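Chains as they are written, first to last, in my numbering: chain R, 1 to 114; chain U, 115 to 226.
Fair warning: there could be bad hints in the mix.
Simulated restraints, written as ranges between beta carbons of each label pair [what the hints assert, rightly or not]:
{"no.": "1", "chain 1": "R", "residue 1": "F69", "chain 2": "U", "residue 2": "S140", "range": "32 to 42 Å"}
{"no.": "2", "chain 1": "R", "residue 1": "Q44", "chain 2": "U", "residue 2": "Q183", "range": "18 to 28 Å"}
{"no.": "3", "chain 1": "U", "residue 1": "K116", "chain 2": "R", "residue 2": "P61", "range": "15 to 25 Å"}
{"no.": "4", "chain 1": "R", "residue 1": "R110", "chain 2": "U", "residue 2": "P124", "range": "41 to 51 Å"}
Interface residues of chain U toward chain R, partial, derived using beta-carbon atoms under 10 Å [claimed, not checked]:
{"no.": "5", "residue": "V118"}
{"no.": "6", "residue": "A143"}
{"no.": "7", "residue": "K193"}
{"no.": "8", "residue": "S197"}
{"no.": "9", "residue": "Y211"}
{"no.": "10", "residue": "N212"}
{"no.": "11", "residue": "A223"}
The hints are simulated quantities; they were obtained by calculation from the structure and are not laboratory data.
As the structure is a prediction and not an experimental result, all values here were calculated from the model.
Backbone N, C-alpha and C define an ideal beta-carbon position, used for all residues, glycine too.
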Amino acid sequence: AAGVIQSPRHLIKEKRETATLKCYPIPRHDTVYWYQQGPGQDPQFLISFYEKMQSDKGSIPDRFSAQQFSDYHSELNMSSLELGDSALYFCASSPTPREGTEAFFGQGTRLTVV
Amino acid sequence: RKEVEQDPGPFNVPEGATVAFNCTYSNSASQSFFWYRQDCRKEPKLLMSVYSSGNEDGRFTAQLNRASQYISLLIRDSKLSDSATYLCVVNMGSGGYNKLIFGAGTRLAVHP
Numbered sequence: 001a002a003g004v005i006q007s008p009r010h011l012i013k014e015k016r017e018t019a020t021l022k023c024y025p026i027p028r029h030d031t032v033y034w035y036q037q038g039p040g041q042d043p044q045f046l047i048s049f050y051e052k053m054q055s056d057k058g059s060i061p062d063r064f065s066a067q068q069f070s071d072y073h074s075e076l077n078m079s080s081l082e083l084g085d086s087a088l089y090f091c092a093s094s095p096t097p098r099e100g101t102e103a104f105f106g107q108g109t110r111l112t113v114v
Numbered sequence: 115r116k117e118v119e120q121d122p123g124p125f126n127v128p129e130g131a132t133v134a135f136n137c138t139y140s141n142s143a144s145q146s147f148f149w150y151r152q153d154c155r156k157e158p159k160l161l162m163s164v165y166s167s168g169n170e171d172g173r174f175t176a177q178l179n180r181a182s183q184y185i186s187l188l189i190r191d192s193k194l195s196d197s198a199t200y201l202c203v204v205n206m207g208s209g210g211y212n213k214l215i216f217g218a219g220t221r222l223a224v225h226p
């Protein structure tokens with residue numbers, strides 16, 4: 001069965017650079033979530049999209065932006081990177097709420113800022 | 115106060131033991147609840163949904179207490195392969211949107 005695909009799997013950037021993370025949800029899933037997980041921490045909700053519109057916003061810094069495209073894939077854009085942005089970034093997708101609420105995660109993108 | 119709280123552990127138990135985790139949540143309007151399992155440096159994977167009537171899947175039993183706003187996970191006959199972090203997840207979305215909030219996770223270490 002198709003799963004959530006994230007790319008790249010690993011990314012190394014320097015401070016003040018920009019990064020773009022991509023997420024391809026499970027087919028027919030119209031909700032996408034982004035989470036940030038620092039070392040030894042629980043996943044922190046950043047932002048979510050439903051039907052290509054932002055549906056909720058969590059602790060996402062102003063330096064970050066995200067969008068969901070017409071094919072439902074999503075991109076997380078991170079600018080002016082800081083050392084503290086080093087983390088695992090997970091994308092998850094779920095079907096429309098009336099069809100279910102479980103979310104399924106991609107394998108994550110490990111971002112290292114040096 | 116965090117929206118979803120768990121005892122971080124670690125819980126160190128021998129094989130064959132029974133272990134239980136609890137999780138409390140702050141939003142009384144929350145409608146759906148889950149337990150996810152996360153292995154080191156891997157993505158969280160859905161272990162089971164938690165239903166009002168309680169549900170069981172093999173050695174795993176999940177229960178929900180809406181009045182006290184907590185959910186629990188019971189693991190019977192622990193296996194070495196059960197060693198992982200167990201994340202309590204509560205859907206606090208409203209208006210037709212999902213918003214999954216994670217607890218900090220409870221670490222379980224099963225030893226021979």
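Status of each hint after checking the structure:
Between F69/R and S140/U, the C-beta spacing of about 34 Å keeps the proposed range 32 to 42 Å intact. Between Q44/R and Q183/U, the C-beta spacing of about 21 Å keeps the proposed range 18 to 28 Å intact. At about 20 Å, the beta-carbon gap between K116/U and P61/R stays in the expected band of 15 to 25 Å. The hinted window of 41 to 51 Å between R110/R and P124/U is violated, with their beta carbons roughly 24 Å apart.
For V118/U, the shortest C-beta to C-beta distance to chain R is roughly 9 Å, which falls under 10 Å, so the interface hint holds. Taking 10 Å as the C-beta contact cut-off toward chain R, the hint placing A143/U at the interface is violated, the least distance being around 14 Å. Proximity of K193/U to chain R is violated relative to the hint, the smallest CB-CB distance being about 23 Å (cut-off 10 Å). Of the supplied interface hints, the one on S197/U is violated, with its beta-carbon coming no nearer than about 17 Å to a beta-carbon of chain R, more than 10 Å.
Interface restraint check: Y211/U against chain R, minimum CB-CB distance 4 Å, threshold 10 Å, status holds. About 5 Å separates the beta-carbon of N212/U from the nearest beta-carbon of chain R, less than 10 Å, and the hint is met. This hint is violated: A223/U has a C-beta 15 Å from the nearest C-beta of chain R, more than the 10 Å allowed.
When each numbered hint is compared with the structure, violations occur for hints 4, 6, 7, 8, 11.
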